[in-house]
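Protein chains in written order, with my numbering: chain A, 2 to 349; chain B, 2 to 349; chain C, 2 to 349.
Watch out, some of these pointers could steer you wrong.
Because identical chains share one entry, a pair is satisfied inside a single copy or across any pair of copies.
Simulated pairs of lysine-lysine, DSS-like, Cα-Cα distance not exceeding 30 Å [as the list claims (entries may be wrong)]:
#, residue 1, residue 2
1, Lys117, Lys233
2, Lys323, Lys233
3, Lys248, Lys323
4, Lys248, Lys233
5, Lys6, Lys152
6, Lys96, Lys190
7, Lys204, Lys248
8, Lys233, Lys190
9, Lys233, Lys207
10, Lys117, Lys301
11, Lys6, Lys169
12, Lys96, Lys178
13, Lys301, Lys6
14, Lys169, Lys248
15, Lys96, Lys207
16, Lys178, Lys117
17, Lys117, Lys96
18, Lys323, Lys117
19, Lys123, Lys248
20, Lys122, Lys151
21, Lys178, Lys301
22, Lys178, Lys233
23, Lys123, Lys169
24, Lys204, Lys122
Since the hints were derived computationally from the structure, they do not count as laboratory data.
Residues per chain, in single letters:
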Amino acid sequence: MTKTKSNIGNFFEDFSLGQVIRHAAPRTVTTGDVAVYTSLYLPRFAVQSSSAFAQAIGYEQAPVDDMLVFHFVLGKTVPDVSLNALANLGYADFKFLAPVYPGDTLTATSEVIGLKENSNKKTGVVYVRSTGRNQRGEVVLDYARWVMVKKRDPDAQVGPEVVPNLPKSVAPEDLGKAVPALNVSAYDKVLAGSPYFWGDYEKGEKIDHIDGMTVEEAEHQLATRLYQNNSKVHFNQYYESQGRFGKRIIYGGHVISLARALSFNGLENVFHITAVNGGRHVNPLFAGGTVFAWSEVLDKAEIPGRSDIGALRLRLVATKDKPCAEFPLDAADASVLLDLDYWAVLPR
Amino acid sequence: MTKTKSNIGNFFEDFSLGQVIRHAAPRTVTTGDVAVYTSLYLPRFAVQSSSAFAQAIGYEQAPVDDMLVFHFVLGKTVPDVSLNALANLGYADFKFLAPVYPGDTLTATSEVIGLKENSNKKTGVVYVRSTGRNQRGEVVLDYARWVMVKKRDPDAQVGPEVVPNLPKSVAPEDLGKAVPALNVSAYDKVLAGSPYFWGDYEKGEKIDHIDGMTVEEAEHQLATRLYQNNSKVHFNQYYESQGRFGKRIIYGGHVISLARALSFNGLENVFHITAVNGGRHVNPLFAGGTVFAWSEVLDKAEIPGRSDIGALRLRLVATKDKPCAEFPLDAADASVLLDLDYWAVLPR
Amino acid sequence: MTKTKSNIGNFFEDFSLGQVIRHAAPRTVTTGDVAVYTSLYLPRFAVQSSSAFAQAIGYEQAPVDDMLVFHFVLGKTVPDVSLNALANLGYADFKFLAPVYPGDTLTATSEVIGLKENSNKKTGVVYVRSTGRNQRGEVVLDYARWVMVKKRDPDAQVGPEVVPNLPKSVAPEDLGKAVPALNVSAYDKVLAGSPYFWGDYEKGEKIDHIDGMTVEEAEHQLATRLYQNNSKVHFNQYYESQGRFGKRIIYGGHVISLARALSFNGLENVFHITAVNGGRHVNPLFAGGTVFAWSEVLDKAEIPGRSDIGALRLRLVATKDKPCAEFPLDAADASVLLDLDYWAVLPR
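The task is simple: from the sequences and hints, build the whole structure.
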């Protein structure tokens, strides 16, 4: 009998600085994926929901939801980067750079840009820059991510510590790259659902998104499989029943998509996430929990060369079983699930 | 801090007679939506299931299931019309007027055609005529609906009572508008699943649809999100656990779609719902319930100018945890969920 | 009142040797169906996942997953063949003969090729050859299947016993018919996820596919409805609560699709199931169970006239709540769900 051909994933000592990994499972995105995504989250942003609306303002057709693109790219990296991860530590310098349309095929690569063994010698932090491309080789998404990965062998010798220098936030000149020049006069605010454009939001403004969404096991499993994300903890109750929580852990990206869809109520014209500055999954979510969300306008920016769109820097907070009229964000509050810092764009 | 931008919906005193509301969230319908719909209900009508079948008899391609079109249009009206509704009271003069194909974009408007404050001053009935249109502005669906809506302020003064005069049933000359001229000789009864055409059904005939379908929480949530229907009671267990029933209430339209799909068994060639005369959600459904259905032929009609299709007026009754061999319809029977009166068409 | 028009399915004495049944519910397969399928099983084979990948090696576009084609064809046969079946006994001479692409419309016919009453006179075995065709009439799938069907009337007289002579395995010259001539030099092993081609697998080799997938009620119901398979036992908790197991029985094909998707881990380039020699659903699966899988290479074969692809004869075993590092296959082990013997192809 030969050595088994199954993949058990990379361990910390398997990574090397500068290593470039081409990930498997190229994926053609379809309107079918979009429909399943809609049935999972209830997104209502007009640009992604209606090809007629999108074409009227300058898109080829309705672009695919930004977070769906992210989930596809991240899913491809899982078997190589994070199958043996204990924690997803952070994101930085995360930019959407071209629109993705149904029919496009996505592939992904990752470069190892940092490695730092932990003092216990049992784990280390792997920093990668992951890049999603379409079938023409154009970069659609690019981001740095770091995860804590187990060592196979605590005694394995590893190279010197390298921690990459990552920006605290994406600069305004790097925003809006995935948005074609828009004909804002054709943007129908009533159809989009709100009279508020970029000039109507103020720094410091907070918005309670009001609605809550309860998550079922079948739902997050359908989502995570759609993204071809085979991380073990989301699907396998046999193992998880013996694990730390006794139950399946919901993919953190599911919470982001839920919160983003909930944020439509108050951010109706904020149709595109253009960059993520950073974010934390503060607590895990399990089936049965009801997700609520609120947002704060952290900053506003003009985008050099663009008079059609402006950028809002937003904090998006998601909670579990806790309505957000009081904008909860106590660090000690176990009900906070997500604290995301991102740039979004909307018409001016 | 500015006034919040979130939408909490209209209250009774926010509506005015003759007011026209253009609803948000235009939606391009896709074969992806059709696939999710199929996975939720198990529809098998050949015209909607097969483009080859549909084209052979005269459609451009397989049209989208009528009830999916209805759910999309209704979903758009929810944020403006019924977010603060306590009850969905009725439908009338409900007509499908043009086929919807994958690729079409649906929008919706509603006109307030009646207002009637209830004697308790806490609620009132809002009558609207809602209209769904495709991207060419053609009306695909038009119906009157009335809902009981909360008042924000019981002391608010409201206008005089206006109750619209609505027909008890749709007239035969208004039926079949969404059906192109059919080449009935190309309609393959074996592929469609039944030898029975219009002439084979008799007034008074009752049909037990035999099969039952158990509903899970994830299923009705997927459905209702697919329709972008953000009515609160379907998704939020946190609030519903404190509510009247202690659990999420399944969208009434989910029961209609289940019953319609079950009715294939006995109505295989009755491929299109052309109008709804009226209907009641007699009792609510909750996850775990098993839905059964039966039909009665209330009437038959020729459609002026059409020798290809004829109309059946059908009563469709859905029950919960109660097989329908005895055609249950006792008003005191809590197992009855739905009592729908509609016109459907089939080949002659 | 007329005789009811509902279909209650055929009983053993309703079948006659040589009878040909054209099944109802023609179905146009779409990228929507593929997306729902992906969300149900997490398949990652590059050929089916990426149109760019598929086109590069010689397909028109990404073909539809083989098992999805099978589920559609089988689903059509259920109302006529197995609505009153007590057991699905076996498959033989099962061959995929042409690729299916989104946009194709599938229909199915079955010919009765054998009938054998059981000695208790209450049931009999019906052997059918079922054939799935596309809209051009090309056969895409052809297989023999036998099921145990109830008699309506134990006293009904039936014809002489005829048991067809079916091959124990499909011959190498009948393999690979649904695979166009491939340009193997354009097959990107890194994108596909594995360096192993046909020459790298050895007879007797066993592979643990490692991962496990827990199944929810909503998931198998969505799947089975997607396939328009209306077999009663999968959907109706009202009846099943009074049945043999007290709960809904998961469609056996759901287990095959789960095991096939799990088998990607170790069989990444084994992109196509070309034939099934035989198989058994050893035990039923219920919601809440976690499915694991392992494979054994039973044989290898060159395909006459094909230098691009070779065939592996594989045993695919699925288990419930039992990891497969030890390759469990004890006949007395209630955790074994599936034991499938099939031919698959991969590049040489």
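Hints, one by one, checked against the model:
| no. | hint | result |
| --- | --- | --- |
| 1 | Lys117 / Lys233 | within (24 Å within a copy, 47 Å between copies) |
| 2 | Lys323 / Lys233 | both (28 Å within a copy, 15 Å between copies) |
| 3 | Lys248 / Lys323 | both (21 Å within a copy, 17 Å between copies) |
| 4 | Lys248 / Lys233 | both (12 Å within a copy, 27 Å between copies) |
| 5 | Lys6 / Lys152 | within (21 Å within a copy, 49 Å between copies) |
| 6 | Lys96 / Lys190 | both (26 Å within a copy, 29 Å between copies) |
| 7 | Lys204 / Lys248 | neither (40 Å within a copy, 39 Å between copies) |
| 8 | Lys233 / Lys190 | between (43 Å within a copy, 24 Å between copies) |
| 9 | Lys233 / Lys207 | between (37 Å within a copy, 22 Å between copies) |
| 10 | Lys117 / Lys301 | neither (35 Å within a copy, 46 Å between copies) |
| 11 | Lys6 / Lys169 | between (41 Å within a copy, 29 Å between copies) |
| 12 | Lys96 / Lys178 | within (8 Å within a copy, 45 Å between copies) |
| 13 | Lys301 / Lys6 | between (51 Å within a copy, 17 Å between copies) |
| 14 | Lys169 / Lys248 | neither (35 Å within a copy, 44 Å between copies) |
| 15 | Lys96 / Lys207 | within (24 Å within a copy, 43 Å between copies) |
| 16 | Lys178 / Lys117 | neither (32 Å within a copy, 52 Å between copies) |
| 17 | Lys117 / Lys96 | within (25 Å within a copy, 53 Å between copies) |
| 18 | Lys323 / Lys117 | neither (37 Å within a copy, 36 Å between copies) |
| 19 | Lys123 / Lys248 | within (25 Å within a copy, 45 Å between copies) |
| 20 | Lys122 / Lys151 | within (9 Å within a copy, 62 Å between copies) |
| 21 | Lys178 / Lys301 | within (17 Å within a copy, 51 Å between copies) |
| 22 | Lys178 / Lys233 | neither (34 Å within a copy, 36 Å between copies) |
| 23 | Lys123 / Lys169 | within (29 Å within a copy, 52 Å between copies) |
| 24 | Lys204 / Lys122 | neither (44 Å within a copy, 41 Å between copies) |
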